[in-house]
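Novice: The primary structure of each chain is shown beneath.
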Amino acid sequence: MDWDQFDMNPKVIAAVKKANIKSIKEILNLSGADLQRLTKLSSMDVQCLLKTVSGTLRKSCVLTGAVYICTEDVFPNKRLQQLIDQQHKFRADVPLDVIQKIKFGNSIFIEHVADLDTFYNCITKRITLLLSRGMVRLVVIDSMAALFRGEFGAKDSVTKAKYLQTFGAKLHSLSSRYRTPILCINQVTDAVDETDVGQSNFGLLDKNVSPALGLTWSNQLLMRLMASRLTQSQQSPVGALQHIGSVLRTLRVVFAPHLPQSFCCYAVDLEGVKGVKVKSPL
Amino acid sequence: MQRDVGSFPLAPGLRAKLIGAGFQTAEELLEIGPCELSKEIGISKEEALETLQIVRRECHSNATRTTGEPETVKKCTALELLEQEQARGFIITFCSALDDILGGGVQLTKITEICGAPGVGKTQLCMQLAVDVQIPECFGGLAGEAVFIDTEGSFIVDRVADIATACVQHCQLIAETHQEEDFQKSLETFSLESILSHIYYFRCHDYTELLAQVYLLPDFLSEHSKVQLVIVDGIAFPFRHDLEDLSLRTRLLNGLAQQLISIANAHKLAVVLTNQMTTRIGQSQSMLVPALGESWGHAATIRLIFHWDNKQRLATLYKSPSQKESTVPFHITPNGFRDVHPPPSSQTPAEIEINPRKRPRLEGENQ
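Chains as they are written, first to last, in my numbering: chain A, 1 to 282; chain B, 1 to 367.
It is worth saying that the hints were derived from the structure and are not from the lab.
Being a predicted model, the structure only gives us computed values, none of them experimental.
For every residue, glycine included, the Cβ atom is placed at its ideal position computed from N, Cα and C.
Be aware that one or more of the hints could be misleading.
Stated by the list, open to error - Only part of the chain A face toward chain B is listed, based on derived beta-carbon distances under 8 Å:
1) T52
2) S54
3) H172
4) N219
5) L251
6) F255
Unchecked claim - Ranges of calculated distance between the beta carbons of each label pair, as one might list FRET restraints:
7) B:Y215 - A:D269: 52 to 58 Å
8) B:Q285 - A:L225: 27 to 33 Å
9) B:S191 - A:S132: 48 to 54 Å
10) B:S191 - A:G275: 55 to 61 Å
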């Protein structure tokens, strides 16, 4: 790592070189106190060092890591390990040694939150640290609906709306400030009333489900995708040709400022999620 | 004049006598003559005269100070206003049905509000208008520039580039059928790069930034006098979280509306806002209404509501001082905001496009 390229005090650069620190990642993985001990710099200098280094990393658009905020069950670690192990098969286009060098597990940060206040604390304080250091470039929240399930009755709709608006605004500001995409997972509820279907389905009438959390949450989003499984009858003419054994699913754009309402098909394999080319129109 | 007696430059003893006699405001002092004043508070007639002169002079200069600014009250007749309005152009939306119900397009000097559920096409229309305001005059546009204030981050440049490219191609087609020189000349300056470089983009993250941006806008506009359109995409978003005090929110929104109206009038430009929808729970059913409350409904002159009917997008003109309430369908295509069916070609399309300002205004203009 060429430390001279950074726009920092020469004393700081010399101290970093002397401490034998090899990469930006090493610096970011250490706490402020550890860095002070290793480089023998003052805390002001250490803060300056962290700021410069993470700023460089953020600007470079290098994908570094991800935060996965789990609100429901325990994070499926076994499946993650499976995906990591199979990555070389999944990405056969990348040379084997490049993939083997990447320590995927080290870059995935998992948070478990069970209630609204913990969630708010997480997005305001905890992941801000990771984001500001440039250690993560993706935030996944699985799922938003689980946070609100069972807690709010019909008369608490105002409180629920307030929470949703606060979360939405906070996530927007994080995404904008640290140039990080935020992926939220939401569930669906059955559309009971005829009038619901028209307005809340945003023109996708062939579904009899509508997204959970209602209009308030929809107003916070930039774009929305809907994933669904094809029923057996829809699958057979197409599925048999392409993918024997896996269930065919579709991912559809519900609304986005820059995309038409198109869709694509995919299947979930041992190695991961793969796109499927559909020959006949669905 | 409700100015307090104690605020005038009078001797303290005199002030105490005045207040002791019951004189609180300047108005009371101005009503009586010097003889009565001297009798009331026990001072000589000369002193009373002097006091009244000071008070009168102060009040007079106060009055002139507030009206001394260049904004004198202008008088003009309704006929002059009509002529001004007819000479002014519109910003077309490329959906002729929508332009028709609006009376020609988005009007200058007025605030137009677009409400709708997420994904129905509000931001698309805003992006289309930001491109359309720049169309050269010979093609029926205003040759203006646009300011885009984004609060939700939904302005995607790639999409604007697509819309702009389609618009340039549209004008090129017209120029080809009409081999006139000024068409070709305008096309030289009307390109993708020039369109994108004349959309001034501001990103505001909360209501404080938005208010600051709007209050600083007049300075920006005086430097960029060709701006004919100000878009605020997502006026509801920053005001619907963070603000616990609803009366504060109403005050801030009213101030914002006043500022936008004054900008629209002073600089002769159109202001377009987008608003969210919210559910109002009635007695028996719930319905979708525009967000930000009833008092915000008075801010916009013209209100459009976008909604779905099965799979068709519809635009309803909900509030307008001059056009009647109607609903038209529209499409969002890869080229932008368009009609559902192409408009009937009673005249050659090129003739309709050229200078709509010169079109005879007969039916549809409700006088």
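Novice: Each hint: holds or not?
Specialist: Hints versus structure:
1. Because the beta carbon of A:T52 sits about 24 Å from the nearest beta carbon in chain B, more than 8 Å, this interface hint is broken.
2. Annotation: A:S54 was flagged as interfacial toward chain B, and the flag is violated, the nearest CB pair being 21 Å apart, outside 8 Å.
3. For A:H172, the shortest C-beta to C-beta distance to chain B is roughly 7 Å, which falls under 8 Å, so the interface hint holds.
4. At a threshold of 8 Å, the smallest CB-CB gap from A:N219 to chain B is about 5 Å, leaving the interface hint in force.
5. Given hint, A:L251 at the interface with chain B, is violated; its Cβ is 16 Å from that chain's nearest Cβ, farther than 8 Å.
6. The interface hint given for A:F255 is met, as the beta carbon of that residue sits about 2 Å from the closest beta carbon of chain B, less than 8 Å.
7. Separation of B:Y215 from A:D269 is about 56 Å and conforms to the stated range, judged on CB atoms against 52 to 58 Å.
8. Between B:Q285 and A:L225 the beta carbons are some 30 Å apart, a value that agrees with the proposed interval 27 to 33 Å.
9. Take B:S191 and A:S132: their Cβ atoms lie about 40 Å apart, and the range 48 to 54 Å is violated.
10. Judged by the Cβ atoms, the range 55 to 61 Å given for B:S191 and A:G275 is violated: they are separated by roughly 36 Å.
Hint compliance for this structure: hints 1, 2, 5, 9, 10 are not met, and every other hint is.
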